[in-house]
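> Sequence:
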Amino acid sequence: GFTRLTLGDLPQLTEAGRPALPYRFVQLLLPAEGTVKGVEVILENEHWLPGPLIPEPARPQFPISEGPKGPSDLLDAQIYGASVCWPSEAYQILSEQYFDGYRLLLMRLFPLRYYPYRRMVRYAPTMRVIVHVSEGHSKGGTQGGPPDTVARLANLVDNPHDLGRFGRLGPPKKRGEFLPDRSLVEPGQPCDYIIVTSRALREAFEPLAAWRREQGLTVGIFEIEEILATYDGSRPSGGSDDATKLRNFLIDAYTAWLSSPHPLRYVLLGGDTEIIPTRAMYVRAGIYETDEARPLISDAYYAGLDGNWDADRDGFYGEGAANLGGTGEAGEEADLYAEIFVGRVPVNELASEQSDQEARNWVAKVLQYEGNPEATYLNRGVWLGERLDEWTYGDHSKDRVREVSPALDVERLYDGIRPWSANELVALLNSGVHIVNHLGHASSSYVLRMSASDVARLTNKWPFLVHSQGCLSAAISTPGGEAIAESFLTVRHGAFAFIGNTSYGWYLPGSTNGASQIFDLGFFRALYQAGIRNLGRALQWAKEDALDRVGAVGPERWVFLELILLGDPYTPVVTAYAHPVAFISVPNPRELLAGPVQIRGSAHAGAAPGARFSGYQLYYGFGSRPREWITISLTMTQPITNGFLGFWDVGRLADGAYTLRLRASDGM
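Be aware that the sequence shown starts at -4, since it is given in our numbering, and climbs by one per residue.
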């Protein structure tokens, strides 16, 4: 049989059929100039693990909407039958990247390597990395970067002590990558935040611009018609297009204002694809690849401003390096580190009354949410888990996300507990919900088990945020219509933001480690654990946190490029609530219990200023929707954080399914 090899919380290789070996992802800050001449990895105390053993192969992932296709137990015979160790080297160089002019080397280190002919594995507990870099033309480039850049880098790289020693190159324009003949950017009037929209829709976005100014941002509104008439759109492969023109404008603005007190950080694109152009990416994952019939639209093209995203000039953007299994003959093409945070409001039908009203509807919801939202709805969430295939339910993956957001009082609609419907969800949303998290089937016209006609039935007083792993729900280039995510934003009620996929969502049958789940979990970790509240920053944090899994091909790369924010990248999500926290971590949902059970979790005051806590009680009831609740414990007044809450003696109960409830009170 196979042996599953793990090392703490290190990620594992996910290419189907190959050994799922753990690896260490490394992000090294390099000198601004000079060529990487070579890399040495010194293995210390390397030794054989007890054997014989055969590492478990990685299993294939599949699009959520299609389910398993073909065998799920693939085995790469060339590796498992080889006469040499695998991987052949203890490291793998992924790419060189730039972030705000700082130069990074991305690598994987392999502390475990498999020797198939011996059915043995060698383990190096300590690995030292030496990177040889030739001397550049200058000692280190421009010293220092914006404070927010330096802070982000310090949390990203494995050698933050070199931040003061290694400088940065100038921004893209100053490096000769882009030199505009004409410019709409005034260097002396920098903006932290800009809106790019059509002339017809400009007025609809003015209230949002005014609100951002009240919040202390410097704001500019730029018309897409003028941008397209001013900037060069020459593609690397020849010809010209509007997406290149828009990106060149963003590079111009970013460069001109980078050293000012107000460097550009937030960009709101005000329009659907018929107003604001998009860029399609080329990605492969197993038997799937993107093409004209199955496009992957990515606004990441407007966020990562280094390079041109088509280094080999073949007309296919965002390709992974060919030497790592991708199709980019000139190496990695995607700029994975965002210089700016981008969101899009997908209003459509240029110069129409409907389009203007759609924009005004959305702006009104943002202003309402950011203004003074009711505390009674802010801590309410709805988690949606659907049956993905005969042995996989979204419930388990949603519970993992629930663990990183314990401050939310979550209502679970899980197929694994009982079937649920659009009518039930619409009623919940109308009652007042802050955040919706979804793993299930979707299409460009259907998500959360809702169609556009269901969205039209929403009457919620306060708008909500949606994060969905479903396929195609945010496919903003849908021919002849709009994606279902657009409906949630442009109606009077509904959502103030929607994070979703422009193409397939991906899952791993029988597991909670699918590609889309990794980014979903990362987004909520950003909000509730890392304290990153702005929508655009939180989504980018989740993407950068998943870079250890993003290769030249594969589902993780697919999701990294497609996952899109339909909403304002600046909008700060409220994560500190006045309502007390009540969260059970043990026992796990659907766990089989016997005898006295120890209940663990948290019950304490919320994080909002002035939040109170007076005590908690534990209850249980029969079934998934109990009509009667039975008290387990008396009211306990001691606040608990990740600790023991009480005992539940289930040995006295008849066999069956029960629901456990924890209620915390603020004494009001």
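Incorrect hints may have been included.
[To be verified] Just the calculated beta-carbon pair ranges, DEER-fashion: (1) 587 - 413: 17 to 23 Å; (2) 385 - -2: 25 to 31 Å; (3) 208 - 636: 21 to 27 Å; (4) 654 - 602: 25 to 31 Å; (5) 76 - 636: 34 to 40 Å.
Hints in this document: simulated from the structure, not taken from any laboratory.
Just so it is clear, the structure is predicted and the values come from calculations on it, not from any experiment.
All C-beta atoms, glycine included, are put in the ideal place defined by N, C-alpha and C.
> All hints are to be evaluated individually against the structure, with a verdict given for each.
Going through the hints against the structure:
no., hint, in the structure
1, 587 - 413: 17 to 23 Å, "holds (18 Å)"
2, 385 - -2: 25 to 31 Å, "holds (27 Å)"
3, 208 - 636: 21 to 27 Å, "violated (40 Å)"
4, 654 - 602: 25 to 31 Å, "holds (27 Å)"
5, 76 - 636: 34 to 40 Å, "violated (52 Å)"
Of the numbered hints stated above, those contradicted by the structure are hints 3, 5, listed in ascending order.
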